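Work out the full structure, taking the sequences as your base and the hints as a guide.
Heads up: the sequence lines are chains A and B, in that order. Residue numbers for the first sequence follow the numbering used here, beginning at 1 and rising by one. Residue numbers for the second sequence follow the numbering used here, beginning at 1 and rising by one.
Any given hint might turn out to be false.
One copy or any two copies: either way a pair holds, since identical chains are not told apart in the list.
Simulated crosslink set (EDC-like; lysine to aspartate or glutamate; CA at most 20 Å straight-line) [unchecked claim]: (1) K2 x E77; (2) K37 x E151; (3) K208 x E71; (4) K34 x E153; (5) K251 x E153; (6) K37 x E234; (7) K208 x E230.
These aren't lab readings, by the way, just hints derived from the structure by calculation. Keep in mind it's a predicted model, so treat the numbers as computed, not measured.
Protein chains: 2
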Amino acid sequence: MKPRFLLREALRLADGSRRLIRRALDRGFKVRAKSDKSPVTDADLAVERFLRRELSRRFPDHGILGEEFPERNPGAEYQWILDPIDGTLSFTRGIPLFGTLIALQRRGQPLVGVIDHPALGERCWAAAGLGAFRNGRRVILKDLPPGARVEREVLAACDRAQFSRVGREKVFDRLSRSLPHLRVYSDCFGHTLAMSGAVGAMVDYGIKIWDIAASQVIIPEAGGRFEIVERLGEAYNTVLGKPRAVSWLLKRL
Amino acid sequence: MKPRFLLREALRLADGSRRLIRRALDRGFKVRAKSDKSPVTDADLAVERFLRRELSRRFPDHGILGEEFPERNPGAEYQWILDPIDGTLSFTRGIPLFGTLIALQRRGQPLVGVIDHPALGERCWAAAGLGAFRNGRRVILKDLPPGARVEREVLAACDRAQFSRVGREKVFDRLSRSLPHLRVYSDCFGHTLAMSGAVGAMVDYGIKIWDIAASQVIIPEAGGRFEIVERLGEAYNTVLGKPRAVSWLLKRL
Numbered sequence: 001m002k003p004r005f006l007l008r009e010a011l012r013l014a015d016g017s018r019r020l021i022r023r024a025l026d027r028g029f030k031v032r033a034k035s036d037k038s039p040v041t042d043a044d045l046a047v048e049r050f051l052r053r054e055l056s057r058r059f060p061d062h063g064i065l066g067e068e069f070p071e072r073n074p075g076a077e078y079q080w081i082l083d084p085i086d087g088t089l090s091f092t093r094g095i096p097l098f099g100t101l102i103a104l105q106r107r108g109q110p111l112v113g114v115i116d117h118p119a120l121g122e123r124c125w126a127a128a129g130l131g132a133f134r135n136g137r138r139v140i141l142k143d144l145p146p147g148a149r150v151e152r153e154v155l156a157a158c159d160r161a162q163f164s165r166v167g168r169e170k171v172f173d174r175l176s177r178s179l180p181h182l183r184v185y186s187d188c189f190g191h192t193l194a195m196s197g198a199v200g201a202m203v204d205y206g207i208k209i210w211d212i213a214a215s216q217v218i219i220p221e222a223g224g225r226f227e228i229v230e231r232l233g234e235a236y237n238t239v240l241g242k243p244r245a246v247s248w249l250l251k252r253l
Numbered sequence: 001m002k003p004r005f006l007l008r009e010a011l012r013l014a015d016g017s018r019r020l021i022r023r024a025l026d027r028g029f030k031v032r033a034k035s036d037k038s039p040v041t042d043a044d045l046a047v048e049r050f051l052r053r054e055l056s057r058r059f060p061d062h063g064i065l066g067e068e069f070p071e072r073n074p075g076a077e078y079q080w081i082l083d084p085i086d087g088t089l090s091f092t093r094g095i096p097l098f099g100t101l102i103a104l105q106r107r108g109q110p111l112v113g114v115i116d117h118p119a120l121g122e123r124c125w126a127a128a129g130l131g132a133f134r135n136g137r138r139v140i141l142k143d144l145p146p147g148a149r150v151e152r153e154v155l156a157a158c159d160r161a162q163f164s165r166v167g168r169e170k171v172f173d174r175l176s177r178s179l180p181h182l183r184v185y186s187d188c189f190g191h192t193l194a195m196s197g198a199v200g201a202m203v204d205y206g207i208k209i210w211d212i213a214a215s216q217v218i219i220p221e222a223g224g225r226f227e228i229v230e231r232l233g234e235a236y237n238t239v240l241g242k243p244r245a246v247s248w249l250l251k252r253l
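This is the structure we're talking about:
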């Protein structure tokens with residue numbers, strides 16, 4: 001199947017998930033705590049159900065791995081990887097920085113990725129070989145010049161709580177103290193900023209496969225670098241952004 | 001002059017500044033460094049010029065204090081306090097969380113405040129005695145219950161760099177380590193979240209008079225508490241949000 005066709009399908013899915021999420025924001029939704037105490041809403045469930053139903057109808061042989069429901073067709077050549085609402089805590093509190101993550105891998109290789117921010121009206125996406133886009137505009141990251149003083153760049157990290165989840169809070173504290181322009185962005189919003197060069201790079205720790213799969217296509221297609229620093233069980237510790245900023249950070253983590 | 005009338009004028013100004021900022025985002029703008037090395041754009045200047053021109057025409061006797069130009073009528077009974085773009089760095093980088101701050105004081109007392117986020121399409125405002133609003137909906141903050149474990153709440157702080165400006169980086173480090181759900185928000189976006197209860201409270205350090213004047217009306221009108229912890233020269237260190245969360249934080253700063 002052609003990446004262009006699969007990308008179009010993924011974008012169509014994101015149109016649908018955005019509609020559902022906006023409707024939930026207008027009409028309200030119920031929140032409950034999951035077994036790990038993180039919140040889930042009936043909107044998370046409704047969006048993932050919608051995505052699964054559409055995908056199963058269009059691509060009955062494909063696999064689906066999503067945050068909220070059991071895996072489907074685990075051995076399949078094509079695997080869709082879904083997070084209906086990344087940043088549910090933000091979603092429940094009226095903080096508009098959450099997003100929907102839709103990714104497709106073929107034989108484990110990143111093929112298509114979409115990050116959609118329904119409340120911001122922002123979206124970025126990419127497909128292997130077809131480039132990366134933010135709100136319809138092609139994004140080509142300009143790397144830092146050789147020898148650039150990376151510590152003077154605006155760099156980003158996820159919340160300290162994410163570092164804590166994988167016992168790496170000292171990494172946050174060290175970054176915080178040594179990078180005068182470090183900013184903190186929760187969830188996939190930091191990836192959107194890194195893919196478009198708004199920040200030089202982001203250090204994002206303690207995230208799951210559905211939080212990285214879209215960016216694993218989008219960041220390299222934008223001319224950036226996506227690196228997994230380590231994997232601890234189901235959690236990935238990552239660095240993503242402009243190649244020289246990522247290299248510089250990797251040496252310091 | 002009636003608060004309702006003055007609020008309407010402030011909201012009309014925010015409509016105008018939003019148009020100018022959106023146009024600058026569409027068409028592009030020039031950035032240069034100010035003497036303190038922070039960035040300023042021709043959009044910052046154009047917006048403040050617009051606000052000053054409108055105010056001088058409508059209220060020739062009023063004072064105006066703005067970030068980018070000299071003070072006007074410093075002794076006047078009514079003082080408008082303006083920050084055309086709070087978060088210029090975000091604005092220049094495509095990070096949609098910056099905002100325009102418009103406030104009015106009468107004899108030093110907060111009377112009207114508006115925080116407008118042009119790229120988010122969000123706005124909050126208040127006038128003394130008339131309540132606080134976010135996007136047209138009345139906001140009435142629900143305080144934490146007595147005895148609530150405030151350290152379990154989602155609380156916010158500004159960037160560590162802001163604490164550094166006033167030599168208080170250790171306050172950030174302490175908050176970071178002791179509050180498992182601390183989030184970091186730059187500029188006035190954190191105030192918007194605190195006014196609507198999206199976070200329990202925000203600790204915002206190293207900010208200027210034009211960064212606090214709008215919130216000094218909005219937060220109390222929403223049922224919250226706005227406190228100045230200390231003033232160091234032109235910089236204010238503040239805590240704002242739900243009353244019990246603010247009290248709890250004040251004891252620990």
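- Where does the structure disagree with the numbered hints, that is, which hint numbers, in rising order? No numbers; nothing is violated.
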